[in-house]
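Read off the chains here:
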Amino acid sequence: MSVFRKLKKNFSGMFKKLFNKKNARIGIYGPPNAGKTTLANRILRDWTGDAMGSVSSMAHETRSARRREGVTIKSNNHSISLDIIDTPGLATKIDFHEFMKEGLGEAESKRRAKEATEGVIEAVKWLDNLDGIILVMDACEDPFTQVNVTVIGNMEARSLPLLIVANKVDLPEASPTTIRNAFPQHPMVSISALEGKNIDTLYEEIAKRFG
Amino acid sequence: MDLISEHKLAEMAPIEKVKFIIGEVKKGKILVLEKGLSPSEEASLIEMTMTMIDPDGFSGIEMESYPAENSSSIFEKIFKKKRPRTRLTLIGPANHLKTLRKDKNLISALVSSSNNQ
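Those protein sequences? They're chains A and B, same order as listed. If you're matching positions, the first sequence starts at 3 in the working numbering and goes up one per residue. If you're matching positions, the second sequence starts at 67 in the working numbering and goes up one per residue.
Heads up, a few of these hints could be off.
Derived lysine-lysine pairs resembling PhoX-like cross-links, with alpha carbons at most 20 Å apart [to be verified]:
no.: 1; chain 1: B; residue 1: Lys85; chain 2: B; residue 2: Lys95
no.: 2; chain 1: A; residue 1: Lys116; chain 2: B; residue 2: Lys95
no.: 3; chain 1: B; residue 1: Lys95; chain 2: A; residue 2: Lys127
To spell it out: a stretch of chain A is covered by chain B in this simulated footprint if at least three of its residues, at any positions, have a beta carbon under 8 Å from a beta carbon of chain B; those stretches are [stated by the list, open to error]:
no.: 4; stretch: 34-47
no.: 5; stretch: 58-67
no.: 6; stretch: 107-121
Think of the hints as simulated: they come from the structure by calculation, not from any bench. Even glycine gets a Cβ: it sits at the ideal position worked out from N, Cα and C.
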């Protein structure tokens with residue numbers, strides 16, 4: 003690339019940054035069944051009156067990323083417009099037998115497993131195109147999963163903002179303290195996306211972190 | 067089980083590392099990486115694993131690494147580029163390796179010779 007073209011490209015990027023600022027793209031990540039789509043639905047219902055997608059107790063219900071642009075969240079003195087991407091649950095293994103245990107037939111289980119693998123690939127690819135991440139963890143589960151470690155590592159390496167959400171605190175066995183102790187270097191909010199518990203605190207933190 | 071030295075992996079490009087690991091794990095080997103993988107290499111490994119999953123054979127990997135430790139030199143602070151210090155990592159076929167417990171400084175895993183399906 004010539005020096006002139008490089009300069010033109012740099013000035014073009016600076017101009018866009020100054021005068022045509024795009025919404026921050028925030029990905030909702032986490033392992034399967036952590037409550038990512040439940041949270042995405044809660045955010046959209048609260049701020050747009052709409053929903054992102056269906057939820058299920060079966061893992062890998064969300065098998066392709068869903069994106070909603072221009073969601074404006076207002077909290078105290080902050081207002082922020084975001085593009086929200088609800089990503090499929092990240093995993094290092096997908097065995098169709100797990101779906102059969104949930105009552106699906108073999109052919110349907112294999113199809114679902116195949117779609118789930120494609121969903122994980124899509125979620126990984128999105129990591130390169132985000133401005134920040136909301137990492138949803140099930141507060142009833144061990145937080146030291148490889149998925150959590152890999153997502154946090156990628157955000158730290160890129161110096162991008164990360165907000166940990168300890169979800170499902172409406173359940174008696176939930177232990178958000180375990181999550182806080184596991185990753186003390188990152189801000190964390192305890193919520194129940196299902197019941198809306200502590201959701202205003204989450205919006206404050208989103209506005210503060212990603213604004 | 068193979069213990070892979072930091073030196074052996076350092077000689078490989080990121081994509082070579084990922085291909086090497088997947089190849090060994092598909093043969094049924096369990097690998098202990100002395101220095102682990104960078105976060106982006108871990109993400110690539112997950113991505114490539116997904117492309118290899120076969121309903122009648124390979125169901126994926128079990129991977130366990132400790133959270134990376136960040137080293138922040140003045141240079142890295144100025145350019146906002148952190149270089150995480152990666153740590154020991156255990157990788158194996160999902161049907162032969164199962165993590166029992168993990169915390170910041172301990173990984174407890176069960177290795178079996180038969181399929182756990």
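Hint check results:
Under the criterion of a C-alpha separation no larger than 20 Å, the hint pairing B/Lys85 with B/Lys95 is consistent with the structure, at around 14 Å. The suggested pairing of A/Lys116 with B/Lys95 is violated, with an alpha-carbon distance near 24 Å, which exceeds 20 Å. Proximity of B/Lys95 to A/Lys127 is assessed by CA-CA distance (about 27 Å); at most 20 Å being required, the pair is judged violated. Counting residues of the stretch 34-47 of chain A whose beta carbon lies closer than 8 Å to any beta carbon of chain B gives 0, which falls short of the minimum of three for the stated coverage.
Requiring three or more residues with a Cβ within less than 8 Å of a Cβ of chain B, the coverage given for the stretch 58-67 of chain A is violated, as only 0 such residues are present. Coverage of the stretch 107-121 of chain A by chain B holds [criterion: at least 3 residues with CB-CB distance below 8 Å; count 5].
In this structure, the earlier hints numbered 2, 3, 4 and 5 are contradicted, and the remaining ones agree with it.
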